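Novice: Residue-level listing of the chains:
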Amino acid sequence: MITRLRETCRRLLDQNKVQVVIGYGQRRPGAAAHPVFITRPEDVGQLTWGGNCFANLTVYLKRKEVKALGKAALVVKGCDERALVVLEKEAQVERGDLYVIGMACDGVHAPKCSACVVRTPRFADELIGEAGSAPGAASPAAPDLLDVLMAKPAAERWAFWKSEFSRCVKCYACRQVCPLCYCERCIVDKNRPVTIDTSASLKGNFAWHITRAFHLAARCVGCGECTRACPAGIPVGLLNRSLADTAKGNFGYAAGMDPAAEPVFGAWSSSDKEDFIR
Amino acid sequence: MSEAFEPKIVAYVCNWCTYLGADLAGTNRLEYPPNVRVLRLPCTGRIDFNLIVKAFEAGADAVLVSGCHPADCHYTSGNYHARRRWIVFRRLLETLGFEMERIHFTWISAAEGKKWQQVVTEITEKTRRLGPYTAYRDLCEAHQ
Amino acid sequence: MSPIISAAALRELIDVWIKSGKQVAAPVSIAGRLLYQRIDSSGQAVLDSALRPANSIKDFVFPRHERLFGYRIEGRQISLTDPKPEERDQIVIGAKPCDAHALPILDHVFAWGSNDEPYERGRRRTAIVALACTAHDDACFCTSVGSSPADETGADAMLFDLGNGSFELKAITAKGRTLFTQHAQPPATEPRPSGSAPAPRFDPAKIRAFLATQFESPFWAEGTLACLGCGACAYTCPTCHCFDIVDEGSAAEGARVRNWDSCQFPLFTAHASGHNPRSNQAQRQRQRMYHKFAIYPEKFGAILCTGCGNCARNCPAGLGVLGVLEAIDRQTIKTDERQPVQT
Amino acid sequence: MARIGVFTCWCGENIARTVDVDQVSAAIAKLPGVRASVNYKYMCSDPGQALVREKIAAEQLDAVVVASCSPHMHLRTFRKTAEAAGVNAYRVEMANIREQCSWVHHDRAAATAKAVDLVRIAVAKVRWDEALEPIRVPVTRKALVIGGGVAGIQAALDIADAGYQVALVEREPSIGGKMAGLSETFPTLDCSQCILTPRMVDVGQHPRIRLHSYSEVESVSGFVGNFTVTIRQKARYVDTAKCTGCGECWNSCPIKKIPSEFDYRLGFRPAIYIPFPQAVPARPVIDKENCTRLKKGKGCGFCEKKCQAGAIRFDDQDKLVTEEVGAIVVATGFKLYSIGKQQENESRSGYGEYGYGEYKDVIDGLQFERLVSASGPTGGRIARPSDGREPKNVVFISCVGSRDNAKGVPYCSKICCMYTAKHAMLYKHKVHDGQAHVFYMDVRAGGKNYEEFVRRAIEQDGARYYRGRVSRIYEENGKLIVRGADTLAGEPVTIEADLVVLAAAITPAAGVRDLARKLNVGYDEYGFLLESHPKLRPVETASAGVFICGACQGPKDIPESVAQASAAASKALIMLSRDEMTREPEVARIDEKNCAACFACVRTCPYHAIERGEVLTPRGVFVKHTARVNPGLCMGCGTCVSICPSKSADLAGFSEQQIYAELEALV
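Residue numbers (this note's numbering), protein chains in the order written: chain A, 1 to 278; chain B, 1 to 144; chain C, 1 to 343; chain D, 1 to 667.
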């Protein structure tokens with residue numbers, strides 16, 4: 001696969017079909033793969049692929065430094081590609097301005113892979129590897145953290161998040177690694193008015209994580225990067241997953257799955273449930 | 001909770017139905033507890049989840065969000081958009097272990113002065129029983 | 001030869017400190033990772049000389065979020081209130097040498113011109129008991145910045161894991177000595193294990209040379225593309241110390257607070273006018289490198305880095321200061337020999 | 001720093017009885033920015049308003065809070081007062097300490113405390129109120145009327161008679177709509193064409209009405225006051241300017257046996273034709289499906305030879321013309337629910353068992369109108385379509401499709417009861433020895449002289465009414481056997497009928513959904529257009545500047561359609577009567593610099609008031625995409641603000657800053 005990947009990228013760069021390839025590279029054996037940006041055909045040797053390619057590279061589509069390089073070829077896994085579907089819906093990427101190299105993925109030894117639903121990219125311009133390697137069923141051994149949490153009484157859930165958020169230092173890694181957090185200026189960075197305290201206090205942290213989760217509601221594709229990126233080990237992705245469940249349960253919507261599906265927000269149905277409204 | 005405790009209740013209401021319903025309660029002299037503070041907005045569609053969070057940060061012990069009944073929205077569909085947001089937002093609050101009995105959603109039309117009286121009275125009494133929302137106030141006072 | 005102390009005795013001592021009302025912080029295992037946290041019993045402390053916490057100890061002397069004063073406006077009256085100062089003694093036990101080493105480096109800037117009161121108070125009340133390293137990981141590079149696994153700089157006392165359930169205890173400062181006075185242990189007999197030092201990761205001379213001449217180099221744009229502009233590196237770095245001062249609260253009542261800030265955020269240099277002198281990530285990364293390895297050394301004679309590697313460990317893009325330094329190190333090699341990565 | 005004046009009203013005893021107004025004024029006087037805090041017996045009275053004006057002048061106030069009754073009661077009043085004294089009208093807020101305080105609380109201390117809070121909230125809000133100016137939108141003083149039936153004709157004439165230009169678009173070759181095909185009209189039995197055709201002529205000759213017949217609305221752009229409408233004029237193959245309507249062409253056309261649409265296929269017309277003699281315009285069209293010359297591209301051409309004026313244009317093509325209009329009136333009317341076996345909507349099973357489309361002598365109500373019409377294919381003689389004999393037994397079945405969830409539509413078509421009675425009556429008047437039988441569910445004859453009319457049909461003209469449904473109709477030796485039930489008598493009924501007339505349900509005209517989408521007007525599940533309020537805004541729609549009337553909004557008879565048409569016309573006239581409209585400036589706006597252009601707001605806006613736009617440099621170089629609010633369309637609901645994650649959308653008068661300030665005032 002790696003050879004094929006490198007050949008493809010060499011071709012794309014040689015023929016100037018793209019000006020940059022956004023892919024994975026590796027500095028030392030055993031180390032996690034890191035993003036590389038190949039602009040010269042002779043450098044395609046830096047490209048790699050394997051079970052250590054955790055990062056969701058679609059995040060780089062929002063970086064103006066990367067946009068400035070020209071048309072990009074982007075290496076995606078099936079799960080990452082779902083973000084592309086959402087970005088396209090939200091007018092953030094012109095599919096034509098992008099060459100998508102899909103990697104048939106067998107999982108990248110990340111927790112999220114146990115719940116994987118799309119291993120093989122579906123909309124790639126070029127698919128590399130054997131398509132159709134089936135998603136592995138969630139390993140029954142590991143009980144789902146969200147289920148465990150939701151089974152607890154509210155007070156305990158509150159206590160759980162209180163202790164988790166107490167470690168948040170507001171580094172915003174969760175925001176920066178998210179392909180769908182692309183606001184020109186995040187609401188937390190606005191101070192007239194102050195919607196969210198900038199302090200990494202419990203108050204500020206709750207307000208931040210509530211806002212972050214809700215802004216990704218029915219948009220988050222569950223790539224798990226936010227949780228992976230958190231230096232404090234806060235499972236922020238749990239909140240997104242919980243809301244994804246609601247989106248599915250109430251509106252039958254799964255973000256990034258069906259390009260034709262109408263987004264949950266910005267639409268409505270007279271039959272939306274209102275058992276909670278008096 | 002001590003007898004002295006008087007809950008602080010913030011009510012976000014739409015200008016065309018619930019606000020007029022509250023006015024009607026006044027016109028009909030329907031008495032209710034004075035704990036609620038009404039913030040008038042054009043439409044429930046304008047009531048973002050951040051406003052609800054902010055109300056609790058501001059020390060509210062309970063929040064009421066109220067607007068036009070489905071199909072009665074002055075702006076045709078603001079309340080439908082709002083309803084959808086609330087469905088998802090309530091799930092977020094549940095996931096966080098938020099005290100759900102402190103947040104209330106109602107449809108109150110311009111004709112339902114009586115309902116306004118009942119809703120406000122019940123919410124006030126309920127919140128009196130619950131006591132101050134210490135769980136949230138702790139967040140706001142804690143400084144690590 | 002300095003005395004030894006058994007792990008059990010050390011834990012007893014920690015509990016004594018806690019009971020006596022001292023604040024104690026130590027590496028704690030949370031969600032499968034090691035983090036420095038305040039503890040309320042010695043049982044929480046993970047005193048493992050082979051592991052490196054993912055954050056730093058600066059939080060205990062220079063908190064991420066600190067109230068400077070409170071304000072209250074009544075009628076036309078404005079009243080200010082100082083926060084009641086935290087005066088309790090504080091002990092950080094099991095600090096890594098690369099964390100301890102950071103404090104004397106930070107002292108320069110916080111004492112620069114005028115003393116920073118909150119910081120000074122934090123330092124005054126805090127004793128650092130460091131634990132020498134017996135292992136390193138892929139991100140460690142203390143040896144490349146003039147430090148070492150057993151660096152005593154900044155520590156009030158040092159612990160050396162003897163590997164037999166006991167530590168050799170070396171008090172370094174008066175503060176350190178007082179912590180252990182009531183313990184008269186026998187001196188160590190077996191030799192202190194030498195910490196496994198990471199091999200050099202780059203040539204500091206090359207870095208200096210590059211910074212001195214290559215401010216305009218295209219490298220800054222190419223070599224930092226992966227950076228996503230988060231603050232994970234800065235906030236887990238023991239030496240990064242930038243902060244932002246904001247007023248929090250309502251028009252009637254609130255507080256002026258000091259919060260950590262990171263030079264990697266676009267907002268860090270954004271002007272009210274909308275102009276931003278550092279308008280792209282390359283400029284921000286370059287600034288960070290110059291601050292740590294050129295400006296700070298020039299001003300205070302110390303590199304603003306202890307090689308702890310947290311920047312690399314915590315970088316979601318696998319970059320960090322280390323990644324950039326290594327890239328610079330490759331840069332300065334004239335002949336362009338990028339060898340394909342073997343997988 | 002704002003200079004705020006706070007004026008607390010006693011409302012006589014209404015407020016002062018339970019709220020200590022002096023205490024309120026004193027407490028509020030302490031707030032930063034408050035330069036004057038006074039109270040008075042009646043703020044809304046002339047001396048009260050004078051007090052406000054004096055304080056504004058004396059203290060150079062630039063913002064005003066009035067603590068009195070509901071803003072719905074007096075906000076306008078005090079905005080005017082403040083404006084008269086030089087304070088921007090939108091820097092006035094009210095604290096509702098009457099309806100929502102003094103009237104609902106008895107404890108004086110608690111009520112006073114709450115009043116103080118309410119005023120503090122208002123003061124916090126007014127501090128952030130921007131000075132706003134009403135939005136002025138230029139108005140093109142011309143209206144478009146879509147549909148040339150009786151409703152469209154009425155609306156067009158009303159608007160034109162008021163002195164404004166009107167463009168009237170009619171899909172068919174002539175205006176007149178359904179009414180032109182009716183015989184007599186209930187309850188007065190005056191001749192439909194006699195009362196309609198003069199109106200049609202008025203339209204045709206009106207100096208301010210431009211008639212686009214045989215045309216359809218292609219597209220609509222712009223917004224209230226400023227619509228650009230593209231109209232497709234279908235190829236007519238006749239130059240209407242040259243044509244004199246002499247009739248030589250249609251008389252000379254060799255192809256004569258084409259079923260006439262106007263006669264609902266009961267009569268015939270040539271390939272070049274006018275739908276009916278009184279057509280307006282009296283200009284023919286060539287039906288290209290049936291014209292030899294247009295089909296073959298050669299031959300025939302009799303009409304061309306006959307035409308003295310040389311008006312025939314075999315090379316004619318569809319033309320697109322545009323009209324700039326300020327208001328649009330939709331009057332597209334109805335069509336009958338298709339009762340044959342084949343359904344345009346598979347969710348409805350139809351009424352195959354009635355044999356419509358199978359048996360020639362099973363016809364619908366509109367066809368019967370043509371049969372009894374003096375201008376109809378039979379010249380008013382009632383004859384069976386099958387053999388032309390005069391039917392002696394005629395069965396009328398009402399509610400065919402109406403009030404039938406299973407096979408039709410659930411609603412009542414409203415006019416059938418009346419026209420069925422009329423049909424029975426007209427039949428008896430023409431066939432004295434004939435017998436009319438009527439099957440009905442209920443007779444709904446609400447309306448002036450309606451019930452009396454039905455009774456006449458039964459009592460004077462001897463129509464037999466059976467309360468019950470017809471289960472089946474089949475042919476047996478030249479007769480139609482109608483099997484039904486008389487639920488009142490509780491027995492089955494079988495009638496050997498010569499003719500059966502089905503009162504089919506009323507449904508919206510074909511294509512109305514597409515039109516509604518072009519106009520951003522809502523419609524219900526049947527395609528009837530939605531008014532913006534069923535009671536108070538019956539002819540307005542969710543799309544500002546677009547009005548509806550007639551059967552496109554729901555089943556209606558002629559008087560109702562005409563009344564509603566005049567209502568729609570008057571609404572349009574209100575807009576056209578000024579060169580520019582002023583709209584409330586409390587509308588949304590987008591911070592284009594920070595807009596991430598996800599366009600969630602565009603999807604969300606109930607008024608389609610937000611568009612995709614581009615930010616350009618002064619030199620016109622593209623910088624970025626952005627959402628952009630059209631203040632002419634925005635109604636200020638603020639739904640876009642909630643959906644916008646970066647809060648690049650905000651709402652003037654209810655800004656984020658203001659609401660947060662109000663909350664802080666509660667602390």
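Accuracy of the hints is not assured; some may be wrong.
Claimed, not checked - For each label pair, taking beta carbons as the anchor points, the in silico distance ranges come out as:
id : chain 1 : residue 1 : chain 2 : residue 2 : range
1  : C       : E253      : A       : R40       : 56 to 62 Å
2  : D       : G620      : C       : I73       : 26 to 32 Å
3  : C       : A50       : A       : P153      : 35 to 41 Å
4  : A       : K71       : D       : K593      : 23 to 29 Å
5  : A       : K71       : D       : A162      : 47 to 53 Å
6  : C       : R38       : B       : F5        : 46 to 52 Å
7  : A       : K64       : D       : G620      : 44 to 50 Å
8  : C       : F215      : A       : A32       : 29 to 35 Å
Stated by the list, open to error - Think about it this way: if two alpha-carbon atoms lie no more than 25 Å apart in a straight line, the pair counts; the simulated SDA-like pairs of lysine to any residue are:
id : chain 1 : residue 1 : chain 2 : residue 2
9  : A       : K152      : B       : H69
10 : A       : K162      : C       : V246
11 : A       : K112      : B       : L93
12 : D       : K30       : C       : R76
13 : D       : K335      : D       : P275
14 : D       : K624      : A       : E90
15 : A       : K67       : C       : V246
16 : D       : K535      : B       : H69
As the list claims (entries may be wrong) - Here are some chain A residues the structure puts well away from chain D; computed CB gaps all over 12 Å:
id : residue
17 : I2
18 : T39
19 : G45
20 : A104
21 : D125
22 : E130
23 : D189
24 : K190
25 : R212
26 : G249
27 : F276
No lab work stands behind these hints: they were computed from the structure.
The model shown is predicted, which means the values in this text are computed figures rather than measured ones.
A virtual CB, placed ideally from N, CA and C, is assigned to each residue, including glycine.
Novice: Hint by hint, note whether the structure agrees.
Specialist: Results of checking the hints against the structure:
no. : hint                         : result
1   : E253(C) / R40(A): 56 to 62 Å : holds, 59 Å
2   : G620(D) / I73(C): 26 to 32 Å : violated, 48 Å
3   : A50(C) / P153(A): 35 to 41 Å : holds, 39 Å
4   : K71(A) / K593(D): 23 to 29 Å : holds, 26 Å
5   : K71(A) / A162(D): 47 to 53 Å : violated, 59 Å
6   : R38(C) / F5(B): 46 to 52 Å   : violated, 33 Å
7   : K64(A) / G620(D): 44 to 50 Å : violated, 21 Å
8   : F215(C) / A32(A): 29 to 35 Å : holds, 31 Å
9   : K152(A) / H69(B)             : violated, 34 Å
10  : K162(A) / V246(C)            : holds, 24 Å
11  : K112(A) / L93(B)             : holds, 23 Å
12  : K30(D) / R76(C)              : holds, 7 Å
13  : K335(D) / P275(D)            : holds, 17 Å
14  : K624(D) / E90(A)             : holds, 15 Å
15  : K67(A) / V246(C)             : violated, 33 Å
16  : K535(D) / H69(B)             : holds, 16 Å
17  : I2                           : holds, 36 Å
18  : T39                          : holds, 24 Å
19  : G45                          : holds, 37 Å
20  : A104                         : holds, 31 Å
21  : D125                         : holds, 24 Å
22  : E130                         : holds, 36 Å
23  : D189                         : violated, 9 Å
24  : K190                         : violated, 7 Å
25  : R212                         : violated, 10 Å
26  : G249                         : holds, 21 Å
27  : F276                         : holds, 18 Å
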